[in-house]
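Novice: Protein chains in written order, with the numbering used here: chain A, 1460 to 1640; chain B, 56 to 605.
It is worth saying that the hints were derived from the structure and are not from the lab. Heads up, some of the hints might be wrong.
Said to hold, decoys possible - The list that follows gives simulated cross-link-like pairs (lysine-lysine, DSS-like), each with its CA atoms no further than 30 Å apart: (1) A:Lys1466 with B:Lys346; (2) A:Lys1466 with B:Lys458; (3) B:Lys213 with A:Lys1466; (4) B:Lys346 with B:Lys458.
What the hints assert, rightly or not - Derived CB-CB ranges, DEER-like: (5) A:Thr1587 with B:Ala93: 26 to 32 Å; (6) B:Glu139 with A:Gly1489: 41 to 47 Å; (7) A:Ser1474 with B:Ala441: 55 to 61 Å; (8) A:Asp1585 with B:Pro101: 31 to 37 Å.
Unchecked claim - Stretch by stretch, here's where chain A covers chain B in the computed footprint (C-beta under 8 Å, at least three residues): (9) 165-171; (10) 188-197; (11) 201-210; (12) 282-289.
Just so it is clear, CB atoms sit at the ideal spot from N, CA and C, and this is done for glycine as well.
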Amino acid sequence: MYGLVNKAVEDLVVSNHGEEVWDRIRGQAGATDAAFISMDPYPDELTFRLVGAASEILETPVPDLLHAFGRHWMLYTAREGYADLLDASGSSFFEFVANLDGLHTRLSLAFPELRPPSFVCQQVDDRTARLEYFSERAGLQPMVVGLLQGLGERFGLRIEVELVEARGETDDCDVFEVRIV
Amino acid sequence: MDDRSGFTLSPQHLAEAFPFHLVVDRDLRIASVGASIAKVCGAVRPGAVWMDVARIVRPRLRNVDFEILQALCGRGLVIALENERLSLRGHFVYEAEPDRLVLLASPFVASSAELARTGLHVSDFALHDAVPDLLIANRVRDTSLSDAKRLAKRLVEKGEALEVARSAAEAASAAKSRFLARMSHELRTPMNGILGMAEVLLAEGGLDARQEDSVRVMCGSSGALLEIINDLLDYARIEAGFLELESRPMSPAEVLLDVVSCFRHDAESRGLQLEVEIEPAVPRCLVGDPKRLRQVMVNLLGNALKFTHCGSVRARLGFRSEGERARLSFSVVDTGVGIDEGARDRIFEPFVQADEETTRQFGGTGLGLSISRQLVELMGGELRCAANPEGRGSCFAFEIDVKQVECTAQACPGPKAVLETRRFAGRVLIAEDNAINRKVAERLLQHFGCEVHSVENGRYAVEAVLREPWDLVLMDYHMPELDGVQATTCIRGAASERSGVPIVAMTASVRDEDRQSCFEAGMNGFLGKPVNRQHLADVLAQWLRPRVGP
């Protein structure tokens, strides 16, 4: 994953628990670089080790951390200068979600090693949609829930997300029902 | 639109492929508008007059009519719509049937913030339009710049923190050096009284055996205390990087034999064999620092004897020459208590001994080996410790760089004659503010047969020198009114035939910089306190005549 993701993990920990705790997490995860470079790709394993170490040190289950990270990601990227790009990606919550694939496609030009997930959004009614989530990375469903809820906050909405179909062993698709509350 | 292959783009496909297109008819009215323009520029609608809603920013035009716009076909344009609400970049194409111009364009925006201000979204662009990709690339560039700035700032902060820490460390080091210099001075001054008077008592004789024994204990204890002070000062100097080695002709064999002679009595009295082996290859003369070489040898031999209860201590001096490089080797092997392998590195650390039992049983500051190791390193070598290869005990060894020199009597003087029993004729002026030290110096000089007069500060010393003739002035450093350096400067600068009188510093300020400032002021010699009788005799022999008769 790109350094921007690891920096967001760092920001989440530091803003809630301080530098000292982050240094311990970094040390336990074996992150040797003094700082992450946003545009530099890092092995996925490093990010997973950071999350694992954070889970142990903060005594928080990994799914809870991933959920928190998903929400934080929206706040963090907006703060890091991507707010206008987010604003330009949709004028409503569902429009944004529907445009996510297009946004990721365009981002792949700037981030050539990006391996983004794919989202297919079918709106059921004004407040409900069925979202198919495809990713080569397993276990990140709680993060998707956090991302959707963090995105909802950008639009001043409270979002409920329910996993209605979990991926199987040969399938890489999870299906969520997304509702504006 | 029809190209040469007969391909036609329907109005619907045109609208999809170019959501930012405009069609202008010969009357310069807008015929149709792309959906994305219509989304944000309500006034740009079919029927609107071109001149009311659009302005060509580049190229600059004086007038606008259909022919002028037609002449621009294929040329890049920047066009502002609806009072700059949206800027477009594109070009006109002419459609002969039905005689109209079609503007094919994209928003002319440089950042996602600018795009957001227009009210457009990424989805308003055609999929093949690279403008959103450019905006993302610009955003990414800004992220990289932010990273670079953040890292640079962090570097500066770290650099500043390091600078603060360095300044604090330097200030602490300077304070420590000042403290050590002051303590050294304060300790040496009373020790001069103890050691000096004890030596005078011994030299003058007349003591019964018990009294002489007591005075010798005083001398020995004072000497031991002086060694500790010297060790502390040496350590501080080495640590601060102030210690500089001398480079002068010396005979390493004589240095070793001199050191061994100092320990011979102690070794024999304890039934230990003290053996010396000097390889024939060792040159008689080499260039090095005999004082510091002697210091290391004293430390290693002293330790070996201290920790050996039976058996022997063997000192060995060797030499090898490889091209222009000459190496002097020295080793001390003993049959003493030995040092555990795990403790062999530790014993070179300052204030550390092999174990607490060693400290209790044998005493010492734990500085000697640390100083020796650093002195050997300064001399281009490494001091190593190993087990005695022949069995019980230890072996300390080093090799140092030396320079070879042609051996002449002048280059390599032999051992000095013992002068303690000699007497000297001459008038000596002592400038010394401390009454005890004045008395010690007077007694020592009188013992050597000198005519002595004392003054209490530098000003009186200047007056006395200019008033009457002296053969030698012994000048303290720190004195009221004028200190020794200031007084010497006054004397040397005076228009008097007596301004060239020999002046030798006699001071407890023994740092290299103190010594240097004495010589810079014009002094001819330097004697550290506590004053050693032998060294004082050397100075007197240099400046006074030998006394013949009583």
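Novice: Determine for every hint whether it applies to the structure shown.
Specialist: Hint check:
Straight-line distance between C-alpha atoms of A:Lys1466 and B:Lys346 comes to about 60 Å, which puts the hinted pair past the 30 Å bound. Taking the CA atoms of A:Lys1466 and B:Lys458, the gap is about 60 Å. The hint is violated against a cut of 30 Å. The straight-line distance between the Cα atoms of B:Lys213 and A:Lys1466 is roughly 20 Å, inside the 30 Å bound, and the hint therefore holds. As the CA atoms of B:Lys346 and B:Lys458 are separated by approximately 16 Å, the hinted pair is consistent with the 30 Å bound.
One distance hint, 26 to 32 Å for the beta-carbon pair A:Thr1587 and B:Ala93, holds here, with the actual separation near 30 Å. Against the hinted window of 41 to 47 Å, the Cβ-Cβ separation of B:Glu139 and A:Gly1489 comes to about 54 Å, which falls outside the hint. Between A:Ser1474 and B:Ala441 the Cβ separation comes to about 57 Å, which falls inside the hinted range of 55 to 61 Å. Remark: the range hint 31 to 37 Å for A:Asp1585 to B:Pro101 is upheld by a beta-carbon distance near 32 Å.
Counting residues of the stretch 165-171 of chain B whose C-beta lies closer than 8 Å to any C-beta of chain A gives 5; at least three are required, and the coverage claim holds. Counting residues of the stretch 188-197 of chain B whose C-beta lies closer than 8 Å to any C-beta of chain A gives 7; at least three are required, and the coverage claim holds. Check on the stretch 201-210 of chain B: 5 of its residues sit with their Cβ under 8 Å from a Cβ of chain A, so the three-residue criterion for coverage holds. Under a criterion of three residues with beta carbons nearer than 8 Å to beta carbons of chain A, the stated coverage of the stretch 282-289 of chain B fails, only 0 such residues being counted.
When held up to the earlier numbered hints, the structure conflicts with 1, 2, 6 and 12 and fits the remainder.
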